[in-house]
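S.K.: What follows is each chain in one-letter form.
Number of protein chains: 2
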Amino acid sequence: MADFSVTPWEASGVIDYDKLIAQFGTKKISPLLKERISRAAGELHPMLARDYFFSHRDMDLIVDSHEKKEGFFLYTGRGPSGQMHIGHLVPLAFTKWLQDKFKCNLYIQITDDEKFLVKQGMQWEDTQKYSHENILDIIAVGFDPKRTFIFKDSEYVRNIYPLMLAIAKKTTLSTAKAVFGFTDSTNIGLSFYPSYQIVPTFFEKKRCLIPSAIDQDPYWRIQRDIAQSLGYFKTAAMHSKFLPPLSGMEGKMSSSVAQGAIWLTDDAKEVKSKINKYAFSGGKSSIEEHRKLGGNPEIDVSYQWMKIFFEPDNKKLQALHDEYKSGKLLSGEMKAALTERINSFLQAHREKREEARETIKEFTHEGALATQMWEKHF
Amino acid sequence: MADFSVTPWEASGVIDYDKLIAQFGTKKISPLLKERISRAAGELHPMLARDYFFSHRDMDLIVDSHEKKEGFFLYTGRGPSGQMHIGHLVPLAFTKWLQDKFKCNLYIQITDDEKFLVKQGMQWEDTQKYSHENILDIIAVGFDPKRTFIFKDSEYVRNIYPLMLAIAKKTTLSTAKAVFGFTDSTNIGLSFYPSYQIVPTFFEKKRCLIPSAIDQDPYWRIQRDIAQSLGYFKTAAMHSKFLPPLSGMEGKMSSSVAQGAIWLTDDAKEVKSKINKYAFSGGKSSIEEHRKLGGNPEIDVSYQWMKIFFEPDNKKLQALHDEYKSGKLLSGEMKAALTERINSFLQAHREKREEARETIKEFTHEGALATQMWEKHF
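Protein chains in written order, with numbering that gives the first Met the number 0: chain A, 0 to 377; chain B, 0 to 377.
In isolation and in its complexed conformation, chain A is listed as follows (with noise of 0.2 Å):
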């Protein structure tokens, strides 16, 4: 078997999700719990239908919360260190969906603090440039302007910064050194940095909902830790696996590999050439082959993105997969069904990013929840 290598930094090899949550000691989301979930949401989502979010902490309590109608909570975030790319849109677009079925709050937050730590050669001013970029291709996911907070980490700390202090106060270098893999070569802005991530778990006293990759379970292990002794709830989680990148089913899709990935200012050439050049196929070497033995869709990139996000219908999903499978539909077709698929959601997606200009002011300061965080003090 090959071997694979996840951390919160890296992904690489050929992923065993089921290894995965023995190493990280989460649970699989069990047939039971989609169900439970289904009753709940009043349908299932496909992600969670086609196990792409596959494992939880804590899942069953949310739907206990939601049935007892206490409630819950979502959080999420993005490092502004760059343009986005499609990978980072898939959580989203899950966590939209469990924004719009359960009427929850959702707070974004955007750690400005921490990729200008993190990155070198980072400028503060592209931290801030980079922030108002991400946030617009966020809103343009659809998220509810009443019940979303967007916030930069630069801008609310003053709101936060006693929280963000008991927080700190109860977590040690040796703890952090563990869980973020800190030196003593770390500078020490970063080392401080876990305290604030934690501090959204706490904007309300209800259960708090993270939905993200599994690459990210570790940074949840200090809040599990401290949670109760602060008065607070453990976070629950739910986890994704990884998107593949175009070069093939190792890793994950990810900014430092260009070729991996296509970003949402790509347009319909960029797209078109890149799935064609770097989609890795499922196929045979020649159309005769193919025809005759049919392609492998476990390992085609186009079928698996197809599967995880661009194609929700079921049927016509299953029929992509049978026709692949039998040699009845060329590696060239499944790239041009993707190419198409992908062009027209990022079409949706620019005109949607447009229209957020208008509507970002709501999300980071007016809106109905936006407002009143900014006269909280924690």
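Because the hints were derived from the structure by calculation, they are not lab data.
Accuracy of the hints is not assured; some may be wrong.
As the list claims (entries may be wrong) - Pairs of lysine-lysine residues, derived as BS3-like cross-links and limited to a Cα-Cα distance of at most 30 Å, are as follows: (1) Lys-169/A to Lys-176/B; (2) Lys-27/B to Lys-151/A; (3) Lys-169/A to Lys-128/B; (4) Lys-118/B to Lys-375/A; (5) Lys-204/A to Lys-204/B; (6) Lys-204/B to Lys-375/A; (7) Lys-375/A to Lys-151/B; (8) Lys-233/B to Lys-118/A; (9) Lys-375/B to Lys-360/A; (10) Lys-151/A to Lys-204/B; (11) Lys-27/B to Lys-204/A; (12) Lys-204/B to Lys-128/A; (13) Lys-128/B to Lys-204/A; (14) Lys-375/B to Lys-114/A; (15) Lys-375/A to Lys-375/B; (16) Lys-114/A to Lys-151/B; (17) Lys-283/B to Lys-27/B; (18) Lys-118/A to Lys-169/B; (19) Lys-118/A to Lys-375/B.
Stated by the list, open to error - Computed spacing ranges between beta-carbons, pair by pair: (20) Gln-227/A to Glu-339/B: 53 to 61 Å; (21) Arg-49/B to Asp-183/A: 40 to 48 Å; (22) Glu-357/A to Arg-157/B: 21 to 29 Å; (23) Ala-92/A to Ser-184/B: 37 to 45 Å; (24) Gln-82/A to Ser-184/B: 37 to 45 Å; (25) Thr-370/B to Ser-343/A: 48 to 56 Å.
Unchecked claim - To give an idea of the interface, some chain B residues facing chain A are shown, with a C-beta separation under 8 Å as derived from the structure: (26) Ala-39; (27) Gly-41; (28) Ser-153; (29) Pro-193.
These numbers come from a predicted model, not from an experiment.
We put the beta carbon where it would ideally sit given N, CA and C, even for glycine.
Given chain A, put chain B in place with the hints provided.
M.R.: Okay, now just chain B, sitting in the frame of chain A:
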């Protein structure tokens, strides 16, 4: 010779201040420098004339800046961990003299965050209460409300967070460990804190002067290492000796030894009783012997307090010295003289402290400098 030890956290033994200068790598305040300060200020403060302020870094450059009309500013702070004692007021009185003579801005940092992080049992509410109480005591020293900005770290953090991050990014955990004695058991808030302490030295693009006791010198080493790379001046400093505790000429007056300190809240009876009971005397064991052999003013705490703070008149101080040494002045009389001075000082202080309730807003939010500072974002 007795051993001694001085760190930012503790002072013990009979301190050899010349050795401290060598150990810390600072400079002695020379007669020439005193003359330059005297010419610039129009007079020499007794604490300088009597070598209570005895060491410095770059004070010659501060006088240069003054002579070239480039100006400079002052910075000091207070950790609000409890009530204040007389030892806390001594450097503030000197700082007030500097502000009066040089008409310069003064920034006073109230480190509520650091005290919360460093003291295990300390609740956030305590730090807020003591901050308010301590600010009243500080204002009572008589600073110029138009040129003074007193700020709580937790309140002003939003204005300075990006600058704090820039400082933090330049400081590794190993540097912080070396300078501040942190270990892996230190909490992640405290290890970040030094970056906040450096921020006010960058409040103006002028030289900064920090008057403090010599034990605080290590705190500014990181500042002097990184200031120029961020486009600012290395901070200058003037260092005082310690106000000896009542118990004798060892260590320094400290909040942790109650009998060693006179609190600003002590009433006349308490002061009298403390001085009589605890003030270490340089006199002889009987009146007869004292009359015959005389006392030793060098180890007499009451005389030393007169010299450091309570008798600014050189002639009167000389008379106290000579009469005590000759045996004409008894220890009880020296104590009575000091008691009278302390009590009239404290009475005046408490009156000014009551008045400070009316003016506190000028220092923290509404005065000319405070208004300017709240509009600034670093």
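S.K.: Check each numbered hint against the structure and report the violated ones by number, ascending.
M.R.: Numbers 2, 5, 6, 11, 17, 26, 27 - these are the hints that the structure violates, sorted from lowest upward.
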